[in-house]
Structure formats: C-alpha cells, structure tokens
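K.L.:
What follows is each chain in one-letter form.
There are 2 protein chains.
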Amino acid sequence: MSNLIINFNSNFSKKIKNPKNFLGGKGANLSQMGRMGLPVPPGFTISTKVCDIFYKNNKQLNKQLIKGINKQLSQIERETNKKFGDLKNPLLVSVRSGARVSMPGMMDTILNLGLNDKTVMALAKKTSNKRFAKDSYRRFIQMYSSVVLGVDSFNFEELIENYKLTKGVLLDTELDEQDWDALIRDFKNVVKEKTKKEFPQDVYKQLDGAISAVFLSWQSHRAKVYRKLNHIPDDWGTAVNVQSMVFGNMGDDCATGVVFTRDPSSGKNEIYGEYLINAQGEDVVAGTRTPQHITKKARINSGGKELSMEETMPKVFKQLKKILSTLEKHYKDMQDVEFTVENKKLWMLQTRSGKRTAKSAVKIAVDMVKEKLISRKEAILRIDPNSLDTLLHPTLDEKSEIEVIAKGLPASPGAVSGKVVFSSEEAERLNGMMQNTILVRVETSPEDIHGMHAAKGILTSRGGMTSHAAVVARGMGRPCISGSSEISIDYENKLFKTDRIKVTEGEIITIDGSTGRIILGEVQTVKPEISGDFSKLMSWADSFRKLKVRTNSETPVDTKAARDFGAEGIGLCRTEHMFFDEDRIMSVREMILSKTTTDRNKALAKLLPHQKKDFIEIFKIMNGLPVTVRLLDPPLHEFLPKSEKEIKDVSNSLGLAVTEIESRIGELHEHNPMLGHRGCRLAISFPEIYEMQCRAIFEAIIECKNKKIKSIIPEIMIPLVSTEAEIQIMKNLVDKVANQVKAENKTKIDYLVGTMIELPRAAIKAQDIAKHADFFSFGTNDLTQTTFGISRDDSGKFLNDYIENKIFDIDPFVSIDEGVGDLIEIATFKGRKQNKKLKLGICGEHGGDPKSINFCSTTGLNYVSCSPYRVPVARLAAAQAQLKK
Amino acid sequence: MSNLIINFNSNFSKKIKNPKNFLGGKGANLSQMGRMGLPVPPGFTISTKVCDIFYKNNKQLNKQLIKGINKQLSQIERETNKKFGDLKNPLLVSVRSGARVSMPGMMDTILNLGLNDKTVMALAKKTSNKRFAKDSYRRFIQMYSSVVLGVDSFNFEELIENYKLTKGVLLDTELDEQDWDALIRDFKNVVKEKTKKEFPQDVYKQLDGAISAVFLSWQSHRAKVYRKLNHIPDDWGTAVNVQSMVFGNMGDDCATGVVFTRDPSSGKNEIYGEYLINAQGEDVVAGTRTPQHITKKARINSGGKELSMEETMPKVFKQLKKILSTLEKHYKDMQDVEFTVENKKLWMLQTRSGKRTAKSAVKIAVDMVKEKLISRKEAILRIDPNSLDTLLHPTLDEKSEIEVIAKGLPASPGAVSGKVVFSSEEAERLNGMMQNTILVRVETSPEDIHGMHAAKGILTSRGGMTSHAAVVARGMGRPCISGSSEISIDYENKLFKTDRIKVTEGEIITIDGSTGRIILGEVQTVKPEISGDFSKLMSWADSFRKLKVRTNSETPVDTKAARDFGAEGIGLCRTEHMFFDEDRIMSVREMILSKTTTDRNKALAKLLPHQKKDFIEIFKIMNGLPVTVRLLDPPLHEFLPKSEKEIKDVSNSLGLAVTEIESRIGELHEHNPMLGHRGCRLAISFPEIYEMQCRAIFEAIIECKNKKIKSIIPEIMIPLVSTEAEIQIMKNLVDKVANQVKAENKTKIDYLVGTMIELPRAAIKAQDIAKHADFFSFGTNDLTQTTFGISRDDSGKFLNDYIENKIFDIDPFVSIDEGVGDLIEIATFKGRKQNKKLKLGICGEHGGDPKSINFCSTTGLNYVSCSPYRVPVARLAAAQAQLKK
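Chains as they are written, first to last, in this note's numbering: chain H, 1 to 885; chain S, 1 to 885.
Everything labelled a hint here was simulated from the structure, so no lab data went into it.
Since this is a predicted model, take the numbers as computed values, not measurements.
Mixed in with the good hints, there may be bad ones.
Because identical chains cannot be distinguished in the list, a pair is counted as satisfied if it fits within a single copy or across any two copies.
[Claimed, not checked] Taking lysine-lysine pairs in the DSS-like style, the calculated list, with each CA pair at most 27 Å apart, reads:
1) K407 / K322
2) K736 / K59
3) K125 / K318
4) K228 / K736
5) K118 / K71
Generate coordinates for the entire structure from the input sequences, incorporating the hints supplied.
P.N.:
Below, the structure is given as structure tokens:
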C-alpha cells in the first residue's frame with residue numbers, strides 16, 4: 001500500500017513505467033520536478049490505483065490507506081518544518097485531483113486545508129494579516145462545504161450578499177476582519193443546518209473528506225459526460241495530490257503567475273506569460289486585477305506600463321527562466337507552468353505541455369527540430385492531424401468590401417456563400433441541382449442532418465458553441481455560425497430579419513464560421529495555402545509515409561485545390577455529379593424517361609461530349625497522376641424532377657405528358673433507395689449508360705494524347721458489386737468499349753478496371769471478385785451502413801441515444817468501426833491471395849480520418865482518398881501511422 | 001474415341017461409373033435394358049462427352065467420330081439383319097437426344113431416318129403398305145427438314161392444307177398413296193427453294209445431319225432458358241441415341257403403348273397405361289384415336305368397351321408384365337415405359353422413373369418399404385420435400401354452398417378469402433390493419449411485389465401459368481388464379497365485372513388456386529391433414545433427423561396448424577403482429593404519439609393485458625414446447641395512420657390536433673426504413689416498450705403456472721442487434737423486469753435471452769454478442785438484404801435482369817446465398833467458441849427451403865423455423881440433410 005502514495009521527491013517514482021497512468025498528469029509532473037531538484041512545495045500523490053480501491057471499499061478510504069497518508073503527511077511536516085493542525089506553525093495543504101489527462105468536470109482544488117477555528121489564528125499571526133487569514137478561512141469553508149459536504153455554494157454567496165446589503169457596501173474588498181468573523185459564524189451555521197453536523201475542525205477529517213471528494217468526483221455526472229465525449233475509459237481513475245500551501249499574497253515580495261516556455265499563439269520561441277504581485281493563483285485567472293507581463297520585451301511590445309516580472313523581480317525571473325529552459329529541455333515540448341513567489345522564494349506549482357493553436361504547434365515542432373531538441377519523427381508525431389483542419393479552411397478575401405449584417409458564435413470554421421434556405425428539404429432539393437445553400441434555422445435537430453449534409457453552411461439564431469448545429473457542423477466540416485440572436489427567423493414567410501434588413505429565401509449570404517460574421521451577398525474566399533513551416537512539416541511527413549494519399553474530387557476547382565494540398569491522384573471521381581449541371585440534366589432526364597434502348601442511346605449521345613469534356617479537364621489537372629473514375633452510382637429517380645413545376649418544365653422540354661412523367665417517377669420510387677436499383681445494378685439493366693461513360697473516358701484519353709497532355713491511366717471503378725458475375729460482366733463491358741474505341745482510333749489505351757468494396761458480400765467473397773478486378777476501393781460509407789444495417793440519413797433519430805448509452809464509442813461514420821474493419825481485413829486478405837497485384841484503397845469519408853488512416857496503414861492498403869481539404873491531414877496521419885508501426 | 005459410342009448391348013457400359021452422366025438418361029436406360037437381356041431394338045448411344053467435342057470442332061462431327069458411328073451402324077445391321085440404305089431390306093433408325101435429365105426445348109426425335117426416294121419403295125414392299133411407306137417418308141422429310149435443315153414446318157402444313165382444299169377433303173386420312181407422292185415432290189421442292197439444296201438422299205448424310213442437329217439443339221434458346229430456370233449446368237451436354245426402327249403400325253398384330261408400373265396418380269401398385277393396336281407411338285399421344293387400357297381390371301373399372309391389351313394380346317401382355325416387374329425391381333422405383341409390338345414381337349423402347357403426383361410419390365415410397373424393395377432411408381430420400389407443398393394447402397370446404405362467378409387458370413394452389421383490392425398500395429394498407437385481401441390486377445409487374453406480399457391471394461385477368469403473377473405467387477406460396485378472361489377490370493371505378501355480376505373494392509371473394517374457381521363471398525376452407533402414408537413417412541423422417549423444426553407463428557390458428565404439422569416449438573413469434581388488432585392499434589398510436597415517458601407508459605399499460613392474453617393463449621397451445629418471442633421490431637411509423645381519414649380518426653380518438661399527428665408522422669418518416677430506427681434501436685430510445693412486452697411474457701408464464709398449464713420456457717429474442725453493448729443493455733432490461741415480476745409474485749421464472757443475427761456486423765462480431773446471449777436465431781431475410789445491400793421490396797426492378805444475366809443462380813431470398821452462408825458459418829463458429837451452450841436456429845423464410853435446410857444441417861444449427869405450412873417440408877428436408885451427411 002505504501003507504494004501507492006508517493007512523495008514528490010521520492011526516488012521510487014523513477015521506477016514507475018508510466019508515471020502519468022500511475023500518478024496522473026499533475027502528479028507525474030510534480031514528482032518529475034521534485035526529482036529534478038526544482039523548488040516544488042513538499043507534497044505527495046495518491047496513485048490512480050487507489051481510486052479503484054476506494055470504490056471497491058464502499059467509497060471509503062480503508063485503514064491502511066489512511067495510515068499511509070498520515071505517514072506521508074509527517075514527511076511533509078518534516079520537509080516544511082510545520083505541523084498539520086499546529087497552533088503555532090500550522091501546515092496548510094492543497095488537495096487536487098489529477099487524472100491521466102486533464103479533465104474538466106472533476107473536483108479541481110481545495111486550498112488552505114488545515115484551517116480551523118484555531119489554526120486560523122496562527123496563520124493570522126504568522127502572516128501578520130488577520131483579514132487575509134479570516135478571508136482564507138471563510139473561502140476554505142465555502143469551498144470545502146460545497147465540494148466535500150455538498151452544501152450548495154449559493155447558500156454562502158447569499159449570506160455574503162445580504163451582509164453587504166446590510167452593511168451598505170458593494171465589494172468583498174470592503175469587508176474587514178470582523179465582517180469575515182461574522183460570516184464565518186454564519187457559514188458554519190449553514191453547514192450545521194444543512195448537514196446536521198458541525199463543520200469539521202479535525203484537520204485529519206478535513207483531509208480524509210477532501211481526498212474522498214476527489215475520488216467521488218471521478219464519477220460525477222459532468223466527468224462522466226466529458227469522458228464519454230472524449231473516449232476516456234472509466235477505469236483509468238484519478239490520482240489525488242496533497243501539497244503544502246505556499247502564499248503569493250503575503251506581501252510585495254510575493255507573486256504568482258502563469259508562464260509558457262514559448263508563445264502558444266504564434267509559436268515563437270519567447271517566454272510568454274502573466275503574473276501578479278501579492279496575489280493568489282486564482283487572482284490571475286479571475287480578472288479582478290489585470291495581470292502584468294513576465295518579460296520586459298512583451299511589456300514594451302504591448303505598450304504596457306505596469307512593470308514586468310523581469311523588471312520587478314530580476315533575480316527570481318532569472319531563476320524562473322533557467323527552470324523553464326530546464327523543463328523544456330527535459331520534456332522536449334513547450335511547457336505551461338504555474339509558479340508562486342513567497343517572500344522572494346520561487347515555488348513551482350505545476351508544469352504541463354502547453355495547449356497551442358494548430359499554427360503554433362506546427363511552428364514549435366519545426367523549430368524544435370532546428371534546435372535539435374526533437375527529431376523529425378518526433379515533430380511529426382507531435383501534431384494532431386485533425387488540428388490541421390483549422391489551417392485548411394477557406395477564409396474571406398479581406399480585400400473584398402463586405403456588408404456584415406449580423407454576428408453570431410464562430411461555431412465551425414471556414415467561410416462560404418450560398419442561397420438562404422429555411423428547410424432541410426429545400427437544401428436537399430437545391431443540392432440536387434448543384435446549388436450552394438446556407439441552411440438557416442432557429443436551431444437544428446437530428447431531423448436536419450440530411451439538410452446539413454446538403455447545405456454548404458449552417459446558421460442558427462439559437463444555441464451555443466456546443467449546440468446540435470455547432471457539434472454536427474464541426475463533425476461534418478461545414479462552416480457554421482450558431483446562436484446569432486441578432487437575426488429573427490420567420491419560417492412562414494421564409495425570411496429572416498435583423499433590425500436593419502430583411503433576407504428572403506433564395507438570397508445569397510456569406511457566413512464566416514471562423515469569426516461569426518454574417519455577410520450579405522457573395523464574398524470571394526481565399527484558399528488556404530501550405531507554406532513555410534507547414535510545408536516543411538508536410539515534406540517530412542511525405543518522406544516517412546508509405547500510404548499514398550489521393551482525393552475525392554470531380555470538379556476542376558476541387559481537383560486543383562487537392563493537387564495544391566499534395567494529393568497524389570484522384571481516388572474517387574463521382575461521375576453522377578457531372579450529370580446535374582443545368583445544360584445536362586435535361587438529357588439525363590430524357591435518358592431516364594426513354595422507353596426503348598434506341599431512345600436511351602439518343603439521349604446518352606447528347607451527354608457523351610459533356611462527360612468527355614469533364615474528363616479531359618480533370619486529366620489535364622492531374623497531369624499524369626492516377627484518376628479513379630466511378631461509373632454512375634445513384635438510383636435514377638434521384639435525377640428526376642420533384643416539384644410540380646419542375647415536372648411541367650420537363651414535360652414541356654421533352655414533349656412528354658405530365659402523367660407519363662409522373663407514372664415513371666412512381667415506377668422508379670423505392671422503399672429503400674440505399675438498397676435499391678443503383679450502382680452496377682443500373683448497368684446490368686441498362687448497359688448503354690456505362691458504355692457511354694466508358695467511351696467518354698477513353699475518348700478523353702485519346703484527345704489528351706493528341707493534344708500532348710501528359711497521359712494518365714484511368715482506373716475505371718464499378719460501384720455496388722456484390723457478386724463475381726457482376727464484376728465479370730462489367731469488366732467485359734469496359735473491355736468491349738475500349739476495343740471499339742481503340743479500333744476506331746487505331747491506337748492503344750491502357751486502363752485498369754476495379755470495383756468498390758462497399759457491401760458485406762463483396763468483402764466476404766473478395767476472392768471471387770478479385771479474379772476480375774485490378775483494384776479494390778473500400779467504400780466505407782456504404783459498407784458501414786450495410787454492415788450495421790443503419791441508414792446514415794435516418795440514424796439521427798437514435799444516434800444520440802446510442803452515444804448516451806455508450807453503444808458507440810465513436811460514430812462509426814467518422815472512424816472505421818471494428819466490425820467493418822474486420823470485413824476490410826477479410827477482403828484485403830482474400831483479394832490479395834487471389835490477385836497479388838491487387839491495388840487497394842479507401843474512398844469513404846473515413847479516408848480523411850486519422851484513426852481510420854492508421855487502420856488502413858496497419859491493414860496494408862496502398863492509398864487513402866479523402867476530400868481535398870483533408871489531404872494534408874491524411875498526409876500527416878499516414879506518416880504517423882507508418883512511424884507507429 | 002470408340003469408347004464414346006456404345007452399343008446398347010455392350011458390356012462396356014457396365015464399367016461406366018455414372019451411366020446417366022455419360023450416356024444421358026435415355027441412353028443409360030436403353031443400355032441397362034439391353035444388358036438385362038430385355039428386347040430392345042438394336043442401337044447405340046453417342047456419349048454426352050461428344051457434345052463438347054462437337055462444339056470444339058466448330059459444330060461438326062470429326063472424321064474419327066463419323067468412323068465410330070459407321071462402325072456401330074454396321075453392328076446394328078448385323079443385329080437386325082438389315083442394311084442402311086439398302087434397296088431390299090433397308091435399316092431405318094430413330095435419332096433421339098438424351099441429356100442427363102429430361103429436358104424440354106431440345107430436339108426430341110427423328111423417326112424413320114434412312115428413307116429416301118429408293119428405300120421408301122423397299123419399305124412399301126416389305127410392309128405391303130404403300131400408303132404407309134409414302135406417309136412415313138413425307139413425315140420424315142417434314143420432320144427432318146424442319147429440325148435439321150431449318151425449313152419451317154408451316155411450309156409443309158400449308159402444302160397439305162392447300163392440297164386437301166383442292167381435292168376437297170378434310171382429313172389427312174383421306175389422302176392416298178398418290179396424294180402423298182405428289183406432296184413428297186412438293187415438299188422436296190420447298191426444301192430446294194429454301195435451302196438451295198436437294199433433300200439429302202444419302203442416308204449417311206441424313207444421319208450425320210440428324211446427330212449434329214441433336215447437339216445443336218443443346219444450345220437452342222428454349223433449351224438454354226430451361227436450363228437457366230432449372231439450374232442445369234451448360235457443360236453437361238446431351239447424348240444422342242441411334243436405334244433401329246420397329247413398327248407398331250404394320251397390322252393388327254402390331255401395337256404401341258405407354259405403361260407405368262404403378263398408378264402415377266394414386267400410387268396404387270397396379271399396372272397403369274394405354275395402348276393402341278396398329279399404331280405408332282405418336283398416335284397414342286396425339287389424341288386422334290382413343291387409346292385403350294392395358295389391363296382388364298382398368299377397362300372394367302372405367303366402364304370401357306374397347307378391349308384391353310391383357311385381353312387382345314394376352315401372351316405379349318404377360319411378357320410385358322414380367323418385364324415391368326423386372327424393371328421395377330432393378331430400378332427400385334416406379335417406371336414409365338414405352339413399348340411397341342411388331343408382328344407379335346414385343347420391343348422395349350424406353351424406361352424411366354415415372355413422374356407422379358406428390359400424393360402418389362408418398363404412397364409409392366411407403367409401399368416399396370413395405371414390399372422391402374427399398375429402405376426407409378431410401379424412401380425418405382426419394383421424395384422432393386418441395387413437392388409436399390401441394391399436399392399442404394388449404395382447400396375449399398366442399399360442403400359449403402358456393403357461387404362460382406368466373407374461372408381462370410389454377411396458377412398457384414390453395415384457397416383463400418379476402419377483400420378485393422385493385423392496387424398494391426391498398427393491399428399493403430389493409431395488411432397493415434391485419435385485413436386479408438385478394439389483389440386483383442389485369443396483370444402484375446415487379447412494382448406489385450410488395451402488394452403481392454401483402455395480399456393473401458392474387459387474381460389476374462391476363463397472363464398464363466407462367467405469367468409474372470403466376471411465377472411470383474408460386475414462389476411466395478400465395479394462391480393465385482391467372483388469366484381469368486371472364487372478368488374485366490375497371491381500375492378507375494375500382495370494380496371488376498363478369499357478364500352477370502359486378503364486384504367492387506372491399507367486397508369479399510374467395511379464390512381457389514388449385515382449380516381456378518373465383519367465388520363470391522367467404523368460403524370455409526379445410527386445413528390439410530397429415531395421415532396415413534404421409535404420416536408414416538413423416539415419422540420415419542423424424543426418426544432420422546437431428547435438426548429440430550419449429551414454426552414462425554403468432555396467431556392461435558397458425559400455431560395450432562403448425563403443431564398439427566409437427567412443429568416442435570415456435571422459433572419466431574412476431575409480437576408486432578399483435579399490435580395491429582383493431583382494439584389495440586389506438587393504444588399503440590397513443591404510445592407512439594406520447595411526448596413523455598409517463599404518457600408512453602400510460603399507453604403501454606393499456607397494451608399490457610392484450611399482449612399477456614396473447615401469450616397465454618400461445619403458451620397453452622404449445623403445451624411445454626419452447627416459444628421464441630421476438631420483441632417489437634418494425635419502425636414506429638408503420639403503426640401510424642396513413643390516409644387523411646385515418647389521421648382524423650386518430651385525432652378525434654386521442655384528442656390530438658391533426659397537425660400534431662402529421663408533424664409526428666413527418667418526424668418519424670425514414671428514407672430507408674429497412675435501415676432505420678427499428679428493432680432494439682427502439683428499445684434503446686424507449687426501453688419502456690420492451691419492458692411492457694417482457695412483463696406481459698413473464699406475467700403470462702405465471703398465470704399459466706397458476707392455471708396448471710404445462711409450463712414453457714420463453715426464449716426472449718432481441719431483434720437487430722449489431723453490437724455487444726446492445727445485447728448487454730437489452731439482457732439487463734429483461735433481467736430487471738424478470739426480477740421485478742419474480743419479486744411481485746414471489747416465484748421463480750426461467751427464461752432465455754437471445755438475439756437475431758440478421759446484420760453482417762452481428763455475424764462478424766458474434767464472439768462478443770455470444771457473451772450475453774443464450775441463443776442466436778439467424779434472421780436470413782434481413783441478413784440477405786444487408787449482406788447484398790438489396791432491399792427485397794425494391795429488387796423487383798432488377799431481379800429479372802439478374803436472373804437473365806445468370807448473376808443469381810437462384811434467388812437469394814429463396815435459398816441461402818453462399819456469401820450469406822459464409823457469415824452464418826462465421827457466426828456459428830465464433831458464437832459457439834465463446835459460449836459452448838449457445839443454441840442456434842434460423843427463422844428467416846429460408847427455414848422452409850430444403851436447400852437451405854441442408855445448409856443449416858451441415859453448419860450444425862440446432863433448429864430451423866418456418867411458416868406452419870412448410871413444417872412437414874422442413875421435417876423431410878431435415879431428415880434428408882441428415883441422411884446425406
């Protein structure tokens with residue numbers, strides 16, 4: 001048991017394999033500093049292991065533990081030369097929680113534990129400051145009672161407010177020693193009334209209560225919710241740190257502060273921080289006094305007048321600076337440090353890796369390589385690939401003149417323009433016509449998920465940074481402004497108003513999710529660029545990774561962006577997106593409404609030149625890199641008109657009776673379109689559609705050749721294959737068209753034919769399918785839907801319940817699920833066994849998710865393909881995956 | 001090569017391992033009879049292997065083959081003492097195809113090959129019948145030209161018709177020798193005109209042409225279609241039988257006939273057949289003359305006057321009878337035999353296992369066991385389990401007075417009553433309200449599949465026995481009358497008319513799919529029974545099989561029927577069906593429309609007594625046998641009102657605003673309901689629903705106990721599980737309710753908790769799920785849908801294309817697909833590894849399909865569960881599976 005309670009200076013902690021797991025993050029760092037000989041106030045850590053023992057012992061500390069704690073407490077007494085509960089020189093301690101990772105929702109800190117009606121007098125005497133001592137005592141009672149005894153804090157606040165009212169003062173600072181004495185009495189009465197017990201005067205009981213409270217807070221509702229959201233296992237437990245108090249508020253030779261070893265915002269290698277003379281830690285955070293700069297340079301740069309620590313306490317500053325350097329060298333990372341100066345003596349209270357912006361993270365990592373502090377590998381492993389996302393969103397072109405009509409919360413970064421719509425249905429409808437929309441709602445609900453997918457941006461008038469709209473939009477990578485109370489939405493009349501302006505459905509607005517600005521009209525956006533440190537980091541990543549990174553793209557704009565971001569090919573070019581253009585959709589509809597193959601061929605012939613042109617453009621941009629073209633996938637009814645007006649238009653344009661169009665729409669209706677007549681099933685019924693598409697690809701290749709454009713080898717991908725016969729028939733179809741085009745043009749054409757693996761049967765029977773495929777591309781969106789039997793469009797209704805009940809550790813549409821992963825592994829194994837040359841990739845949205853990319857690397861795929869703006873994320877994640885192997 | 005052309009009497013054929021594969025069915029039997037010393041006209045068989053050689057040799061017989069054929073022909077010449085093409089005693093032969101299995105669509109027979117302008121004279125002389133010889137020759141020209149030379153038969157028919165018109169006669173029999181001579185000239189001219197060649201006079205060329213034609217007919221369109229429909233591999237090929245002709249039409253001491261060794265209709269052990277004196281085989285079939293009975297007894301029983309063969313040719317009859325007995329003893333099966341008597345000499349032309357009705361098949365098998373001809377095992381293996389289906393459909397109670405209003409084709413057996421509906425939507429709507437319907441359509445199309453599922457019977461005014469309606473209805477086991485031209489359907493006014501009567505939508509009719517009768521009003525039907533031979537066969541089957549057979553049933557009527565058919569428990573009791581009853585649906589809707597858990601609980605409390613009553617009734621009927629109860633499965637929107645009127649009713653009844661109900665309907669709408677908020681996902685969101693259902697089950701158990709009803713152990717089944725957490729949470733829920741009910745009643749309750757395995761993820765992760773499950777039941781309907789990513793409701797649009805393109809050998813919703821089977825095997829292996837006691841069953845519709853049952857047996861499942869009327873089919877199939885192991 002004694003090995004579970006460890007003094008900060010103990011050498012035993014050296015032997016611990018995973019100090020953070022055993023001592024918690026805070027404890028491990030205090031212990032580390034202690035062993036390094038840095039000035040840490042004496043104290044000890046109760047291991048995370050004890051948390052489990054505590055819960056198993058009916059949520060109580062057992063005798064052995066109490067004995068161990070007391071033994072360690074004696075050790076602190078010896079180190080500080082103070083005694084716990086002593087009436088002359090009392091030892092006061094802080095009690096803090098400390099889990100493996102920093103975790104809001106748990107009990108944070110109880111300060112000044114050890115004060116009671118008697119020791120408070122000793123403190124007053126020692127500090128020669130009765131008011132301070134009494135104030136500390138009442139704060140302790142307040143904190144302890146609320147955290148440990150469960151007496152709501154407002155009871156105490158109320159007493160203070162009433163007292164001030166009676167006395168006719170406004171601020172706490174206007175209360176003196178006597179006032180606090182009176183309030184302490186009142187406080188203790190409240191405790192007695194609420195708990196039926198006196199406020200504990202026994203300092204050992206106080207300690208026992210505080211330690212227990214830390215353990216209990218591990219299972220508090222907020223902590224549980226936080227763990228669930230952040231996928232932290234319940235069984236990790238928390239450690240408890242008991243540490244002797246030091247005071248930064250005992251006079252002008254005292255201070256307290258927070259300092260970063262580098263600038264956490266820019267990443268510059270300069271000490272950055274704030275301090276306050278004669279203050280306690282909470283004063284720095286509370287904002288009642290304005291903290292001062294640490295360094296002179298920072299003070300001068302900011303034009304500040306209050307002297308910096310470097311100027312007021314040069315000796316201590318020098319010592320601090322040296323310690324910071326030591327710490328950074330030891331941890332090889334930017335540190336976030338808390339310190340207190342008590343009567344000119346510097347005490348280190350905490351050190352931890354500092355939080356930083358993505359931009360500074362990149363700079364710090366690259367700088368540290370230059371400084372030879374870390375290796376390139378370490379630099380790569382240090383950046384969270386997902387964090388790069390914030391560096392990769394389009395921003396408003398600040399050169400444009402803009403008219404900001406309202407502001408809201410910057411809930412999900414990126415700037416985007418689109419037509420205002422007020423319903424998910426309308427967003428979907430316009431998306432079907434390839435029009436960009438901004439979905440404007442009072443708030444969103446799971447029923448809006450499909451609309452949020454369809455819209456390019458989301459704006460709500462209600463809800464905070466963690467509202468449904470904000471969370472979902474961030475997950476989807478859609479720019480979002482939430483809770484813009486400056487706008488009021490009128491669904492009935494399809495408009496929203498500010499106090500100056502009215503915006504109706506269909507008008508174009510621009511939202512800047514990075515700043516919360518809502519702007520009238522369309523604003524040019526600036527594409528983010530990869531340069532400087534970012535570019536260097538990426539090049540290092542590329543030098544390590546084995547997994548290729550392609551992109552999912554079919555428009556020239558996206559394709560160019562993806563190449564700029566380093567895409568090494570297109571992994572998924574969705575040809576149906578090309579069907580929606582205004583000048584084509586009518587031919588597509590004509591094709592679908594054809595009654596004979598001849599008529600259908602006529603309509604297809606009209607589409608051929610368009611598709612061909614698209615391909616030429618994309619092949620040109622890709623300049624020799626591989627392009628995977630997926631043939632038509634969605635069910636035909638997706639292309640048909642939906643509203644009465646649209647049907648009339650089609651009727652006029654194609655000279656078909658409205659009833660006939662309606663009857664065809666009825667015929668094509670599907671109960672479960674996701675599982676319907678789509679993918680290669682369409683081509684089994686209407687081979688001429690794929691034949692046209694293949695012809696467009698091959699003719700595009702020939703035209704590129706003729707125009708001396710660097711040739712590419714197209715990889716023709718058949719969607720929704722589940723049987724050997726399907727891929728066999730489709731391969732024959734592609735070969736047939738290739739041979740026709742070859743013969744017509746008397747030339748050679750190279751191409752690959754492969755298939756999506758997006759149905760469980762295709763994975764299970766991969767050995768058969770691989771006989772006829774040059775490549776497999778895992779379509780993990782559909783594979784996840786069919787493996788789970790869950791429609792993504794409909795999952796909004798129960799996904800929350802599933803996360804609430806911990807059924808899904810993580811949304812399987814975000815990171816590849818274990819079961820889906822099993823199928824991918826089976827398909828990889830069976831496919832490669834049949835066909836050693838089989839090329840394997842992934843093109844579902846998981847292709848841009850670092851966790852999934854790691855899985856792809858482990859499984860041995862050849863490439864991942866993701867949306868253009870995720871390409872750098874994927875490049876970094878792929879490098880990390882390789883380095884972790 | 002010589003071993004590929006085998007004389008019927010050759011001893012070589014003894015050495016052939018699979019004579020049917022090598023010689024075809026007909027050839028193997030002729031060869032067998034030859035070796036047994038039975039009087040078979042000399043001849044030989046060209047092996048099925050030659051078919052392949054023929055196609056590889058550019059669809060021609062190579063020199064070696066021709067040499068071999070000629071050698072065998074010489075052998076026949078020696079045996080018959082005739083010579084091929086001889087002008088005095090010419091050998092005439094028949095050429096017949098003969099594949100492994102009898103196969104319509106292929107060339108059948110060419111008779112009298114060897115006739116030409118000269119040999120016909122010899123035949124005339126030999127038979128002293130010029131007219132017969134000329135008639136034979138013109139028939140040969142006609143047959144040969146159409147089959148071998150590709151000259152359409154109607155050319156010749158036309159000539160005969162014109163000739164008769166000119167001559168002023170009506171019947172062929174009125175034409176004489178000279179007439180045929182004239183027509184033979186005309187025939188030969190037609191051949192010359194159409195083929196630019198003379199009709200072949202070289203008898204060897206005739207033979208070469210006929211043999212080639214047989215091989216070519218293997219790839220004829222009709223043959224290919226037949227093979228596809230019957231899953232016969234393309235590479236089997238056909239054999240060719242060349243046999244010397246014998247003549248049953250050379251005088252009154254000649255005859256020809258067809259005879260079965262037992263009665264193929266009743267199965268009685270009595271010779272049954274027909275013959276004609278002085279006739280050729282085709283005359284028996286053609287129907288121009290009425291054939292006479294073979295036995296005296298049959299003649300007397302039928303009150304016939306024309307003497308039987310037993311009476312006219314007693315000697316030959318005796319010889320035939322003996323041969324029949326020999327054959328049956330040899331083949332140990334009822335034989336269907338063709339014979340000819342030429343000048344008192346009996347010749348056996350063919351023997352094969354006789355086709356029989358299901359009823360006679362059962363009787364014959366049981367009788368043959370009694371006769372010690374075959375073993376019980378053989379008897380069981382001899383019956384096609386699917387054929388029992390025809391013995392298991394309800395029939396009209398002939399005691400009822402019925403009003404037949406029209407007739408149609410008996411397209412799918414069984415009798416059923418229901419409300420007339422004219423659209424699939426209406427059928428579905430009424431089915432949703434648990435009302436029986438008859439879907440009446442001019443014809444059906446794939447779009448009607450869901451309506452055909454929903455309706456209890458199908459009636460069409462157009463289309464034959466193989467129309468869409470007929471084929472699909474038979475597949476589904478729905479009674480169907482097709483092509484009833486006596487009714488005319490008026491969709492607009494929602495009625496159909498006969499010339500006497502008008503039937504409007506909603507009126508009740510009864511259809512008898514076994515006879516084609518359409519009856520006004522409801523008619524009582526008689527449940528089929530298992531008794532006599534059938535019962536005996538079933539008891540033998542039970543003694544061999546290991547696989548248990550349960551039933552899918554939730555109504556008392558079905559449950560009773562299933563028990564009578566031998567069900568050993570319920571494998572799937574779908575509780576949602578109990579929700580649709582008129583007195584419950586309103587409470588169900590109230591429950592769904594509830595806004596709070598309290599309101600929902602109130603509505604559920606109203607449902608509890610109903611569910612409890614249902615369970616008591618079913619438990620009672622099952623009398624100690626296991627009952628698997630599946631908790632609520634379908635998405636809630638299925639229970640909500642659909643039409644405006646229904647919505648209004650609900651609004652009135654529940655006191656909710658119409659708009660509110662509509663908005664809830666909108667909220668619950670799903671894009672892909674198959675993959676939506678259903679199964680255990682409902683209970684994750686609304687645990688109180690399953691809690692009510694569990695309480696109903698447990699309280700029913702206790703009430704049964706109190707009433708001293710033989711206790712059953714309920715097996716509570718959780719639908720749509722895909723993760724370990726789901727089954728874990730659900731098991732806790734069931735246990736919680738069980739403990740509550742136990743405590744309330746101070747009694748013990750035994751029960752099992754298990755899950756459907758109906759999603760690929762559940763199969764893949766079976767090791768995790770099995771930790772919390774006492775049993776798995778494979779829900780192969782949904783498992784097939786998700787594994788393939790095919791919605792059964794929508795597959796109608798492309799399933800035909802898939803069968804056409806041979807992508808599906810067999811509809812995966814009928815027989816378990818290989819890929820789905822792999823998942824079942826994986827789940828079985830992983831599940832059993834985790835939990836040795838795991839009970840495994842199947843409750844999809846595949847549970848009643850013999851091929852799938854065989855799979856289940858091989859995979860080692862414990863039981864299959866199928867619809868009540870399939871239980872005997874499953875019992876037999878399970879026994880066969882065991883015996884085949």
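K.L.:
Does each hint hold? Answer for all of them.
P.N.:
Now the hints, each set against the structure:
no.	hint	result
1	K407 / K322	neither (45 Å within a copy, 104 Å between copies)
2	K736 / K59	between (74 Å within a copy, 25 Å between copies)
3	K125 / K318	neither (32 Å within a copy, 137 Å between copies)
4	K228 / K736	between (54 Å within a copy, 25 Å between copies)
5	K118 / K71	within (23 Å within a copy, 129 Å between copies)
Comparing the model with each numbered hint stated earlier shows that hints 1 and 3 do not hold.
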